[in-house]
Each structure stands twice: as C-alpha cells, then as structure tokens.
Amino acid sequence: MGLKTLGAATAVALAMAGAAVADGHAKVKVGVITTLTGGGAGLGVDIRDGFLLAVKQSGNDGIEVVVEDDQRKPDVAVQLADKMIQSEKVDILTGIVWSNLALAVVPSATAQGKFYLSPNAGPFQLAGKGCHENYFNVAWQNDNLHEAAGAHATSVGYKNSFILAPNYPAGKDALKGYKRMYSGDLAGELYTKLGQTDYAAEIAQIRASDADSVFFFLPGGMGISFLKQYADSGIDLPVVGPAFSFDQGILQAVGDAALGVQNTSQWNKDIDNPANKAFVETFQAEYGRLPSLYASQGFDTANLIISAMGKADVKDQDAFRAALKEADFASVRGKFKFGNNNHPIQDIYVREVIKEGDVYTNKIISTGLTDHQDVYAAECKL
Amino acid sequence: MSSILIIEQILNGLQFGVMLFLMAAGLTLIFGVMGLINLAHGSLYMVGAFAAAAVAGWTGSFLLALAASLAAAALFGALIELTVIRRLYARDHLDQVLATFALILIFSEATRWVFGSFPLFLNIPEALSGTLTLPGGIEYSRYRLTIILIGLAVAVGLFLLISKTRVGMRIRAGENDREMIGALGVDISVLYTLVFALGAALAGLSGALVGAIQSVEVGMGEPVLILAFVVIVIGGIGSIKGALAGAILVGLTDTLGRTMLPWAFAVFMDPAAASSVGSALASMLIYILMAGVLLFKPTGLFGSA
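As given, the protein sequences belong to chains E and Y, one line each in that order. The working numbering puts the first sequence at residues 1 to 382. The working numbering puts the second sequence at residues 1001 to 1305.
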C-alpha cells in the first residue's frame, strides 16, 4: 500500500509540474494537515488518499497539494498551519481529523484570510457563534451522527442507555448530540481519556448498571479496544454508535465483535449513485482496500475545491467563497448542500455491520434523519 | 457502588498494574544496570504486539504468537543494543534520550512500511475468551486473569533470577561497580546485551498480551512508556521490587480513580459535569501520586540514594 500511495502522490506531483494552467485562473495551492503517524493515523491516511484520488481523477493541473503530518498534536498542527500560510503561501487549508486540533488551527487560519475546508472535525464552537465565512465543513457538525444514533435508539425502543465518549471537544459534542434526540433515561454517562485503550473499568460499570443499551463514541484504535473488550466481557446489551467506531479501516481489526452492530453515517459504500460507485471502484483499484467514511470525506472535499475552481479565481475571495457555497459537485453521499453556517444539510443513514466474504463492512438498513441540519446554525450570523 | 463492582475494579487495577510491571521491569533493569535511559522501550512493546499479530495471523496459534513476540522483541533489543545503544553508555543522558528517540521514529516508520497504517487484528485465544465466575459471584474476564497470573509469575521469576542465580549476581554487581566486575573477568558487553534483550523480551511479551484486547497499531508503545517511567520513578530506579510495587500502585490508583472520582463528584454535581470533572482529575491522579511519593521518598519507594 505504501508504494501505491507514493505512486499516487508522485502522479499528482508530476501532474502539477506542468506550468500550464488549464482554465486561465491562478493555481490553487492546498495545504493538507492531517494525522499520518501515531495513534489514529489510519484516519488521516484515508482522508489524504481520498483527497489525492479526486485530484488525480480530475486531471486538473491548476491544483497543487502539500501534505504534512500533525501527529495528532495541536501544537504541531498550529506550527504546520503557520508554515503553510506564511512560507508555502497556500490558499486553502484542509485535512484535520480531530476537533481539538481544528479548534487550535481554524480560527487563526480564517482570520488570516485563508479558506479552511474541514474534511472531518466539526466542533460546535465553529458551527454556531464562532462560524466564519471562510470556514466550510464538508463532513458534518460533530453532533449530527450522534443525534441520528439517539433518534435510532428512541425509535427501536431503548429506554435506559449507558453512554460514553472521550473527554475532548468531539466527545462532549457526541454525548450532547445523542441526548438531544434520545428520549429514554440514562443508566450512566462516562468520559474516558482521549487515546485510552483499556476499558475494563468502564465495562465493569456497564455491567453493574441496569442499562438496556450502550451508546459509545470512540474513534480509531480506541473503538477497536473497546469493542473487543466489550465482546469478551460477556455483556450482551445492544450497542449503537456513530460510524466512526465501525468504519472500514477498523472493522477488520475488531472482527466478529462488531457484527450486527447498528451505527449511523452520512455515507456508505452501497449508496446508489454514479459518483459513489465510481469512487468505491477507483479507490479500491488505486489503494487495494475499501474506502472508509474518512476517505469519502477527503474525496468530497477535493471535488468541492475543484468545482469552485471552475467557477472562480481563488484570489477573488468573494467569488470563490460563493462558488464553494454552491456546493456544485457530485457528492458521493448523494444529496448535499450547505446551510447558512457553511455546514452540511444532508441525510444520515443507519447501517449494520455485516460480513461479505472475509471482509467486514456495513450495509444501510434505513434512513435515520432526512435533510438534517445542526442546531447551532441558528446561532450563526452568516 | 456495590462491593462486586469494587472488587472487579481492584482486579482490573491489578491487571493494568501487572502489565505496567512487565514494561517497567525492563526499563528499570536497563536503567539500573547500565545507567541508560531507553525511550525506545515502547517501540519494543510495539514490535512484540506486531510480531504476535503477524504470527497469529499465519498460524492461528496464540502460544506461537506469544513466543514470536518474545523472540522478536529480544532479537530487535539485542540488535539495537549491539548497533546503537552500546555507543551510548558513556554518554550523558541527554544524548541517550536523543538517540533512543530517533530509534522510536525509525521503528514506527519501519513498522508502518511493513504492516501499513491500519491497525492489525489479534484475537484472544478461544480457551481464554469469555468470563469466569469467581467466588462471590464476580464475573471476570479469563484473559485478564491470565495476564495477572503471567505477570506475577514473571515477577517471581525475575526475583529468583536476580537474587539466586550467577547471572543475577553479576547483574547486581554490574549495577554497583561496573569497572570492578569487568576487572574480575566478567564480559561486561555480553552481560549488557543479555540484560537488554531480557528487558526487550518482557516489553514485547507485554505488548503481545495487551495487543489481544486492544488495537495493534503503530505508536501504541508511547503512552505505555510514559506510565512505565512514572512506575519506576515511584518504585525507585533499578529496583525490581520497586517496579512491581509502583506498577500495582499506579494500576490501582488509575483504575479506581477513573471509577470513583466521577461517582464521588456526582454526589454534589450534575452527572454530566461530574463525569467530565471527575475523569479529568482521574487522569492526573497518578502524577499527583508520583509527586506525593517523591515528596516523602525522593528516591522512590525502594530506591537507594
């Protein structure tokens, strides 16, 4: 895989080396800051690979991409953003996976007149009062998938959920989002350490509670550890969660423990539209693995930029911003538009983890929320 | 809070402590005997976990996987001792930190090169999966119980090795006066390589044991390494007994703190806020414990001045 990724990156670099600019506009330079090493690297790698694939497929040589690794550390992300803005002179920043890093980088980047397009993190601070005309979120507001999980739990009749998430901005958004649309009682509510991998203490508390269901948000390796330990604990309460803990990149590592779990997502590989079919096929051909939610978000982000480039010059900020806001691209998730706060209005689906041959994956079983917008949009003055 | 839950949490704390002991024992041996700060110890933990996951994937046998983790970590330990670490004994700690930090980066990138960025799968063996009902009606994971037993067995084995055998005598002697033991005809460099490989093997074993219940991914060693350092500071540098006591203390404090603090705060706060404040404080607890121990025993619980 390493070689293929490198190949893709080289291809992009070669495509960019041509000085000719196709449509007469100035080149657009995009800085991708994402997590490529350490814990959670799989997420950043998927965002990057999805992004580069879209750039490569577009054949547009007016876009230049620089990729850097934030190691999931806020201080490193801030340094990289400064470097990209000041010495690399990028026009657009994107790529950040984690909400705490996004909160450290986005306000200063937009204040310096750069566009920031989030392919993942969507903390509420940036969706409500802190919204900015140059900040667009191409994934979701953090609460969205959790709201859908809460709505799903209510609709299937869970009455006493035990809920847990890591103690960081997105974790708090998660529990708030779940509680917003879940109408039953709570058997317990827990915050865990970010990056924690041992959940014995939490699982013991779930066992001791009289919960009838468990909702958890633990992205990346945290979710793998939790699910494996939960499956081994002998507790057989039904589990619901957002897509992050049941995503393509981690399902193989979780194995049978995840089978049958219901989770919520705005994207899945079986969404039936031509853009998505082509995306799943070409991603698999290029990288030799199924795309994940994160890859789909990276892919959409690049296509959004490319669609705006066809309409406006990035140096004319107002025109470029208007072009971004139109969201005139074929999103792999189907219907997609921006609300007043530059966050998505979209459908969110309920999926179930299944096994296809030897590969664990998801299939959509119902639509959780239709044309869903976040609650913070009302506070945003855009 | 029921007594069953408390006992279960004490067992969880013990299991976590024993796992930390496997990490800290190697670290403290290497520091005590050779005076070397090895930041790459966490990488050996990762090597053990990846070796176990790879071998379990090929053969399906958990025992072979454990053997592979020991062998791979010991091999890589010996290899870096011979090529890099050996040149660092005479240098000061800052050089050692710098060089072994470089080793972390090299190990992480190499692992990513070989296995990719996505977590690997390592399952609990069939025979150890599920729970066991202990006296008093406590349901507890068979696998975690096995980790506790393995950890305690290793602790006893290490104690016997250090206090009763000839190799142990040399290790202890090397700790006190490395020139003198060299002058008495003991091949110091072979002894050091052996001790280093032993420490590495323990880290690898711990990585493999934990890998089966957590995710096997690049960078998994670093958070554990920090805790292992806390353990040896609390226990006293160079002391196996201290490492065991420190590890169990840290394991219990962390696990019980995580459960009890949010629960205690919930008495006078609303549950969401209590959970948030309680868990924030719980994650500081072991550092507060470390500060407290150092206040009264500056060299750690079993450290010599």
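These aren't lab readings, by the way, just hints derived from the structure by calculation. Heads up, some of the hints might be wrong.
Unchecked claim - Where chain E lies over chain Y, by a calculated footprint (3+ residues, C-beta under 8 Å): (1) 1124 to 1137; (2) 1249 to 1262.
Unchecked claim - Label-pair ranges, simulated between beta-carbon atoms: (3) E:V375 to Y:P1271: 20 to 28 Å; (4) E:K129 to Y:T1299: 31 to 39 Å; (5) Y:A1291 to E:D371: 29 to 37 Å.
What the hints assert, rightly or not - Far from chain E, some chain Y residues (derived; all Cβ distances over 12 Å): (6) Q1015; (7) A1071; (8) H1093; (9) P1119; (10) R1172; (11) A1212; (12) E1217.
C-beta atoms are modelled at their ideal positions from N, C-alpha and C, and glycine is treated no differently.
Hint check:
no.	hint	verdict
1	1124 to 1137	holds (count 4)
2	1249 to 1262	holds (count 4)
3	E:V375 to Y:P1271: 20 to 28 Å	holds, 22 Å
4	E:K129 to Y:T1299: 31 to 39 Å	violated, 52 Å
5	Y:A1291 to E:D371: 29 to 37 Å	violated, 53 Å
6	Q1015	violated, 7 Å
7	A1071	holds, 23 Å
8	H1093	holds, 24 Å
9	P1119	violated, 4 Å
10	R1172	holds, 34 Å
11	A1212	violated, 8 Å
12	E1217	violated, 5 Å
The structure shown violates the earlier hints numbered 4, 5, 6, 9, 11 and 12.
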